[in-house]
Structures are given as structure tokens and as C-alpha cells.
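**Q** Listed here are the chains, written in short residue letters.
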Amino acid sequence: MIARHLKHRTGTLWLAAMVHRLSGLALAIFLPFHFLVLALAVHGGAGLDSFLRWTDQPLVKLAEGGLIFLLTVHLLGGLRVLAIENLDWRDGQKRLATLAAALSAIVAFIFLARVF
Amino acid sequence: MPETPPQISVSLWRGGEAGRYETYSVPRRASQTVLDVVTYVQRHLDPTLSYRFACRVGMCGSCAMTVNGRPRWTCRTLVAKVASAGRLEIGPLENLPVIKDLTTDMQPFFEKWQQAKGAFAPSRTRADAMARIRPESPARIAADAAIECINCGVCYAACDTVRWNSEYLGPAALNRAWTLVNDERDGANTARLAAVAASGGCHSCHSHQSCQEHCPLSLNPTAAIAGLKRRTAAAYLNGELKI
Amino acid sequence: MNVRLYVWQRATAALMAPLVLIHIAVIFYATRQGLSAADILSRTRGSIAWASYYGIFVAAASIHAAIGVRNVLTEWSPLTDRRAGRFAAVFGLLLFVLGLRAVAALVL
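If you read the sequences in order, they're chains A, B and C. Following our numbering, the numbering of the first sequence begins with 1 at its first residue and continues without gaps. Following our numbering, the numbering of the second sequence begins with 117 at its first residue and continues without gaps. Following our numbering, the numbering of the third sequence begins with 360 at its first residue and continues without gaps.
Keep in mind the hints are simulated off the structure, nothing from the lab. Predicted, not measured: the structure shown is a model, and the values here were computed from it.
Stretch by stretch, here's where chain C covers chain A in the computed footprint (C-beta under 8 Å, at least three residues):
1) 12 to 26
2) 38 to 45
3) 67 to 79
Beta-carbon label-pair distances, calculated as ranges:
4) Thr12(A) x Ala389(C): 33 to 43 Å
5) Val173(B) x Thr439(C): 42 to 52 Å
6) Arg441(C) x Ala170(B): 35 to 45 Å
All C-beta atoms in this analysis are idealised placements derived from N, C-alpha and C, irrespective of residue type, glycine included.
Could you build all of it, start to finish, from the sequences and the hints given here?
**A** Structure below.
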């Protein structure tokens with residue numbers, strides 16, 4: 001049944017909306033943990049230092065790259081939606097959505113290139 | 117012994133909400149439309165099949181159905197264009213209660229039309245002078261861009277947000293509300309803006325643009341809804357809208 | 360989603376656009392430099408600027424994420440609008456508290 005409903009849900013803009021929603025959810029789940037880790041900075045930051053050493057691992061760096069992608073794609077997709085809702089209509093939304101995803105991938109890739 | 121003409125295999129939804137697809141073999145013909153195929157089945161293979169159509173020339177919107185997963189006007193869909201590998205799957209429009217086979221109950225669609233205050237409310241009487249509307253005014257251009265809607269339900273069937281949120285008024289109702297918001301002669305805009313600013317109104321739209329993509333008249337409810345978002349937000353921030 | 364929630368969500372989104380760009384720049388700088396906790400703290404301790412920037416960011420993110428979560432719950436979960444709203448409000452509050460706690464740890 002689901003497969004039938006998903007059959008024509010393969011359009012670019014539907015995918016863009018899904019990426020926007022799922023990236024938002026992922027960031028929302030990530031955020032409390034991020035705040036908990038940052039709070040380790042209290043009392044001189046020894047706890048934070050040991051955490052920062054843990055993040056030196058390649059898998060963690062990869063995950064961080066993923067997070068950068070999620071943040072950037074959510075930002076750019078969000079800007080596209082804000083433009084639709086507040087500026088005059090412009091065609092070419094599929095192209096803009098694809099551009100947003102591509103730019104986000106580039107930013108994440110640059111991040112990974114710098115930390116590895 | 118005459119040769120059997122080439123056939124096409126067609127799956128049609130039979131039954132109500134609970135039902136199943138049944139397969140029929142229909143002769144293939146040049147320039148055949150999906151409506152031709154459904155009509156052939158009902159007239160030659162199974163007279164118990166229920167379906168709707170009227171004009172059969174792309175003017176009334178009555179023949180809208182789900183064809184290979186997409187909502188379309190069957191009279192304007194060429195079989196050659198959509199039947200990949202000689203297979204066609206036809207079902208009733210989605211997001212609406214199924215009455216029988218390929219017919220749906222359009223009542224919820226029209227009820228939401230009313231809920232969105234999609235009806236013109238006059239502000240003058242016959243004793244008043246006629247309103248002079250300039251066709252090139254921005255408001256009239258905005259209204260004209262959206263006014264051709266014939267309530268076929270294709271956008272409503274295509275919309276994911278309609279599927280996920282039973283309260284959501286949907287692209288057609290909101291598109292119509294937008295045409296009236298832009299109509300200088302209309303007198304009900306305070307109530308209308310309140311209606312589309314409430315839960316289930318224009319703010320539920322996520323701009324997937326499935327409505328615009330599937331509209332057989334190439335209307336753009338996403339743009340109309342964006343316009344409603346701007347108007348309601350401005351009214352809300354000005355204190356003109358209480359919710 | 361109604362006009363009130365919409366305005367709050369879009370407003371916090373617009374506010375956060377520049378904040379996120381700055382944050383990404385900070386991430387790029389901090390990770391390239393390989394800053395330790397002491398390095399970070401020497402920059403953030405006693406800084407009104409960092410406190411304001413991240414304080415505002417935390418507030419905006421809490422509101423924005425809460426409303427976003429509420430939307431997803433009302434559309435994808437069987438929860439009623441009211442329950443979804445309550446869950447989202449609690450989540451927003453959690454983010455706000457944890458966020459301010461993190462800012463305090465870095466700035467105080």
C-alpha cells in the first residue's frame with residue numbers, strides 16, 4: 001500500500017521537502033546532546049577536552065560532516081521556502097532545491113577535507 | 117479467422133474503501149485515452165463498473181482518477197503516454213472517500229471549499245454603481261491567474277499534506293479563497309482571512325508543489341497559498357486578526 | 360499550524376539564518392585550528408558578545424525546533440493536536456534550559 005502511494009512521490013520538490021523535514025528532525029534530536037557536551041566546559045573544561053579527543057576519530061569526523069550537511073541543507077531549503085512565502089513567485093523551484101542540496105554537499109565536503 | 121487486435125492489460129479498482137484491483141484485457145487503439153479504456157470495460161466487459169465522466173473533452177474535470185499512481189483527467193490522458201510496458205493501473209482519486217470502484221465522494225472537498233469561505237460575498241446592491249475593476253491592477257492579475265479552477269479535485273488528491281492532515285483545507289479551497297481576497301468587490305475578507313489563518317488553513321502548506329505539478333489547467337495553488345500566508349501574517353501582526 | 364505559530368516559526372527561522380552562517384564559520388575555524396577546551400574558554404569566558412549571540416541562538420532554536428516538531432507530530436503521529444503541542448512545548452523548554460546551561464558553562 002505504501003509503495004503504491006510512494007510511486008509518484010519521487011519528484012524533486014517532494015524529496016526536497018522530505019530532506020528538509022528529516023534534517024530538521026535529526027538536528028532537533030542532535031541538539032540536546034550538543035548542549036550536554038558543551039556544558040562539559042564548566043569547571044575548567046577537562047571533561048570537554050576528553051570529549052574533544054574522542055572526536056578526533058575518523059568515524060566521528062565523518063558524522064560531523066554529516067551534521068554540517070544537515071544544518072546547511074536545512075538552512076538553504078528553509079531560505080528557499082521563505083523566498084516562496086515572502087517574495088514574488090519565481091519558477092525554477094526544482095533547480096533551486098537541487099542547488100541547495102549540491103551546495104550543502106560541497107560545504108560538508110570542504111569541512112571534511114579540512115578536518116582529515 | 118480475424119486476428120486479435122493488440123491488447124492492453126488494465127487493472128481497475130473494484131469495491132469500496134476495501135476492495136481489490138481486477139484486471140481486464142482491452143483492445144489497443146490509436147489515440148486511445150484512459151477514459152476510452154474505462155468506458156470500453158464498462159460497456160463490453162463488465163457493466164457493473166462505476167465511474168464518472170461528463171464532457172470527455174477536458175472541460176469539466178469529472179473524469180479525474182488515479183492513473184499509474186498520479187491523479188489525472190482520464191479524458192486527456194493518452195494511453196500511449198502512460199502505459200509503460202502495456203500496463204495500466206486505474207484507481208479512484210486519493211484523499212477522498214471511495215463510493216464504489218472509480219467514483220469518490222467529493223463532499224469533503226466542497227465542505228472545505230465552504231470552510232475556506234470560498235464563496236463571493238457581495239458588498240454592493242443593485243442600487244449602487246457598478247464596481248470598476250481595472251484588469252491590469254495587481255490584485256485583479258493575481259485573481260485572474262487563479263480563477264480558472266473547475267474543482268476537479270486533482271490537486272487535492274495529489275497533496276501530501278491533505279493526506280497527512282485531515283483538517284487541512286487543501287490547495288483548491290485555498291486557491292479560491294485567494295481569488296476572493298483579491299476581489300475588490302468582495303465584502304467578507306475579515307472572516308475569510310480568519311478562516312484561512314486558523315488551524316488547517318494556509319499555514320499547513322509545506323510548498324511541496326504537487327498541486328501545481330498536477331493541475332490540468334496549470335494553476336499554481338502554492339503561489340496562491342503563499343499570498344494568503346503573506347496577507348494573514350500582515351493582518352495578524354497589525355492586530356486585525358484574532359486567533 | 361495557525362498564523363500565530365507560523366509567524367513565530369518563520370521569524371525565528373529568518374533570525375537564525377545569519378546566526379547559522381556565523382556558527383558554521385565558527386565550526387570551520389575551531390575544528391581547523393584544533394582548539395582545545397582551554398582555547399575555546401579563553402575566547403568565550405566573560406564575553407558579552409558570545410553570551411548574547413549564543414543566548415539568542417538558543418532561544419530562537421528552541422522555539423523553532425519546538426514548532427517544527429509539533430508540525431511533524433500532528434502530521435505523522437497519531438497524537439492529537441493538543442498532545443503534540445504539549446510534547447513540543449516540553450521539548451522546546453528542554454532545549455532552552457540545556458542550551459542556556461551550555462552557554463553559561465562557556466561564558467561564566
